[in-house]
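Keeping their order, the protein sequence lines are chains S and A.
Residue numbers for the first sequence follow the numbering used here, so the first one is 638 and each next one is one higher.
Residue numbers for the second sequence follow the numbering used here, so the first one is 638 and each next one is one higher.
Think of the hints as simulated: they come from the structure by calculation, not from any bench.
Keep in mind that this is a model prediction, so the values were computed, not measured.
Be aware that one or more of the hints could be misleading.
Simulated crosslink set (DSSO-like; lysine-lysine; CA at most 27 Å straight-line) [to be verified]:
1) Lys921/A / Lys874/A
2) Lys814/S / Lys874/S
3) Lys1088/A / Lys1111/A
4) Lys712/S / Lys814/S
5) Lys871/S / Lys1088/S
6) Lys1075/A / Lys1123/S
7) Lys720/S / Lys1075/S
8) Lys921/A / Lys1132/S
9) Lys1132/A / Lys1075/S
10) Lys871/S / Lys720/S
11) Lys1075/S / Lys1123/A
12) Lys1088/A / Lys874/A
There are 2 protein chains.
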Amino acid sequence: MTLSWLSFIISFILSIAFISGQKLYSPRLSLRREDILRDPKRAVSASETNDFKTFFFNQTLDHFNYRPESYSTFKQKYLINYKYWGGANSNAPIFVYLGNESPLDDQLTVIGFLTDNAAQFEALSVYIEHRYYGESIPHGMSLEEALKDANIRGYFSSAQALADFAAIIMHVKQDLKARDSPVIVVGASYGGMLASWFRLKYPHVTLGALASSAPILYFDDIISQDAYSSVVTKDFKEASETCYQAIGDSWSEIDRIAQEPNGTSKLSKMFKTCKPLESGDELKDYLISMYEGAAQYDLPPTYPVSVICNAIDGANTTENGILGKVFAGLIAYNTNSACYVNPPTAISQSSLGWGWQRCSEMVMPKGVTNNSMFQPDPFILSSFTDECNHQYGVVPRPHWITTYYGAHDIELILCRFGSNIIFSNGLRDPFSSAGVLKNISDSIVAVYTEKGAHCLDVYAEDQSDPDWLVMQRKTEFEIIRGWIAKYYADLRAFKQ
Amino acid sequence: MTLSWLSFIISFILSIAFISGQKLYSPRLSLRREDILRDPKRAVSASETNDFKTFFFNQTLDHFNYRPESYSTFKQKYLINYKYWGGANSNAPIFVYLGNESPLDDQLTVIGFLTDNAAQFEALSVYIEHRYYGESIPHGMSLEEALKDANIRGYFSSAQALADFAAIIMHVKQDLKARDSPVIVVGASYGGMLASWFRLKYPHVTLGALASSAPILYFDDIISQDAYSSVVTKDFKEASETCYQAIGDSWSEIDRIAQEPNGTSKLSKMFKTCKPLESGDELKDYLISMYEGAAQYDLPPTYPVSVICNAIDGANTTENGILGKVFAGLIAYNTNSACYVNPPTAISQSSLGWGWQRCSEMVMPKGVTNNSMFQPDPFILSSFTDECNHQYGVVPRPHWITTYYGAHDIELILCRFGSNIIFSNGLRDPFSSAGVLKNISDSIVAVYTEKGAHCLDVYAEDQSDPDWLVMQRKTEFEIIRGWIAKYYADLRAFKQ
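So here's chain S without its partners, still in its complex pose:
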């Protein structure tokens, strides 16, 4: 017991180090509530979330095998909002949100797309939690407990998650006797990948998918590993050339000071860190993460990239030179903080869970080699593999995602296969570089906005939304309306 606790604590510490370390190229795939909710108006209203009824489904642990353990079940959480539903008799549609790598409740407070549009479609809204997140963890374990068990965590995979969604959707339809109701799935970020894959793998369970900010091309050798950082760079450069230049120049300045006697102590004071810095890299990792977050969630009406750049450009250069500028950007981004860089925070389920998912199958080779405002930091598969092997004792399968879901030559493959997928993106979002930005066929289409951020289109509507965002959502729903209309016509023809 002592030994296993010790190994748990060690692996926990490693996992924190692993996830916060820049070498891990951890893409911030989750919807970061703290980023999104900088503007609290962006949250779904409490009255709306009160309309949901909570259920737990006895989910099969292992859909693909027939070992005795495969038959184990766990409680998987899902929510239903019946308020606007037109009912089974009219085959009214069912909108299903496919949860991503965080507790469902967190997502519920930001995703408004389904309920915002449910009334006009008389749609049922269903939100399903992804296995191993929130309250949907096998054996009633915490995620930490599940992840430290090499056997239990082994069932934490995307293919299992899609089969979970299929089982729950079919159960809900059967329960409501709504066999002919069309189902539209919606997913955001990793959940957006799941949504597009779900339409491709389970066309008999869903009529169509809205895949918001789904970086499905960030696998294998499909795109450059620099794709993400080059968009972050572009965002800052477009906001301000001088700001971009200052950030680019700051890294070597941090390195220079860190190497001085008491250099890290000097940097700690300069950046008002919550704890003394352990290295210059700690500061750099934080700043990289901040710039990436600002770009990914460069949300209206505040536009954090501009907030940071305005502060950097407007800073008094006499105080602390270029790092004074960078610090001005930092405090403009983090208002109301008493200290910066390394405040005491608990590690999130998203970080923990995604740490495992990346080390098993979600190998997204994000790195920096050139054309960036960051220092080079290439993704090296062998190092990544070693680190994952060290942490979990298994090696990632870097080719599985493209083997199971495909992605190479996606236009060639899907131009005559499949239908009814919207790939939505905002081009300010660095992940848009790995998204589908061209129409592939009449009904596998790309809808993007120049100014949009990560998953912005599926957030709750707000009165301050700019026109281009209102238009994007309208376009998406007109497309979905078209799918449903064609489906009803087909249904009438086949049921005659």
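With chain S held as given, fit chain A onto it using these hints.
The following block gives chain A in isolation, referenced to the frame of chain S:
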């Protein structure tokens, strides 16, 4: 060790009883070499099979999970015929045969479709063995050994088999630097189901599929459980009304004699059985199986249904009455036998393996309730489940196939989804009743013949082939030629 051997022997005996018992509704899904090779000309010539080179691939045991054991590998056999291949430079096509529930070598000797057409397409031919059959069994075990281990047999599933095929095809393409070569998969019977599912699940790995005699609708509540027996009945009735009548009348006559003192002994003599019968049911089970086999493999030029019916109709009724007629049919079907009904035979891999597959996921509810020349023998899911649970300690998942692959409302689902599948059937084959017999879209099409039998279109060509069979094959290949031509045009457009 003694105990485990004992339990193995018991389970082996149970498995034989289980498989031969009529209550198990075992559809003869495999290509029965003994049926097909009644006419030895039907075999692929030895010189043709000599052109194959044999390979073994290090296959992942469990593609869908990341448990430590998931990473185990086993040797999976595949064969390549390079003789006609045009090479990677010209993106020449690759035909891939997806093995079904028998050793690959057995299939190689009857499946001629790929090599018969390889020359005109300059195609590479690849044959892949299905996991757990032939020489592709994990841990170098025999199938019997693998099946008695509750853990090992648990990885014996169709989803794993499809992922195996994907991994090998991608490996072969990579090895040959043939990334842009179109792949056409071909499968027969259960392998035909796999072929159609493979195109739906892995469109990025295969351009199209020929699914020969694939009863993909024989799941859940999609079609009547009587579908199979009603086609057998129709075949016999069409061959001869009096023959059909005689068979229909024979069952109660067997029952009547079996109930007499020394009745089974009398039946044993009457039917010249190899061993004394244990019951009238043993004889009935054999006869049912014979009539089903004759209908399923009612192959030209002999047409076994007619052979049986001619003998029944021509028999001297003075000797043994109606059972004398039935016996005349039996000996006409089994020429050159010294004894009948229960000759000493080893249980085949197909029977063993399919026994497990049916008890885990391939739950095809085949039964007899009415409108048949057989006595009623309904499929009762609860009894089936009990028997499987008794034999393997697991309960079947009767809804998994329709959850993962779909099949309900297939026309509605696929009329605007997917492409490039040929469902080929021969209507004399009882499994055609569960096949797709209508075009679903421009490129998901049905090609069938009135007189065709199970998988006949993919057998090796023979000079005695009737015109309708030659035409069917020609139609199929013209469709495939069209897919490939469109693909090359798309490829040129995308690679410009």
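Each hint tested on the structure:
With a C-alpha separation of about 19 Å, the suggested pairing of lysine 921/A with lysine 874/A holds against the 27 Å cut-off. A hinted pair counts as satisfied when its Cα atoms are at most 27 Å apart, and lysine 814/S with lysine 874/S does not qualify at roughly 55 Å. Restraint check: the Cα-Cα separation between lysine 1088/A and lysine 1111/A comes to about 16 Å, which is no more than 27 Å; the hinted pair holds. Taking the CA atoms of lysine 712/S and lysine 814/S, the gap is about 23 Å. The hint holds against a cut of 27 Å.
Taking the CA atoms of lysine 871/S and lysine 1088/S, the gap is near 12 Å; set against the 27 Å cutoff, the hint holds. Between lysine 1075/A and lysine 1123/S the alpha-carbon distance is near 21 Å, which keeps this suggested pair within the 27 Å criterion. Note on lysine 720/S and lysine 1075/S: the hinted pairing is violated, with a Cα-Cα distance of about 36 Å set against a maximum of 27 Å. With a CA separation close to 41 Å, the supplied pair lysine 921/A and lysine 1132/S exceeds the 27 Å bound.
Simply put, lysine 1132/A and lysine 1075/S have alpha-carbon atoms about 16 Å apart, close enough for the 27 Å limit, and the pair holds. The suggested pairing of lysine 871/S with lysine 720/S is violated, with an alpha-carbon distance near 44 Å, which exceeds 27 Å. A threshold of 27 Å between alpha carbons decides the hint, and for lysine 1075/S with lysine 1123/A the separation of about 21 Å falls inside it, so the pair holds. With a CA separation close to 14 Å, the supplied pair lysine 1088/A and lysine 874/A stays within the 27 Å bound.
The structure is inconsistent with the numbered hints 2, 7, 8, 10, although it conforms to all the rest.
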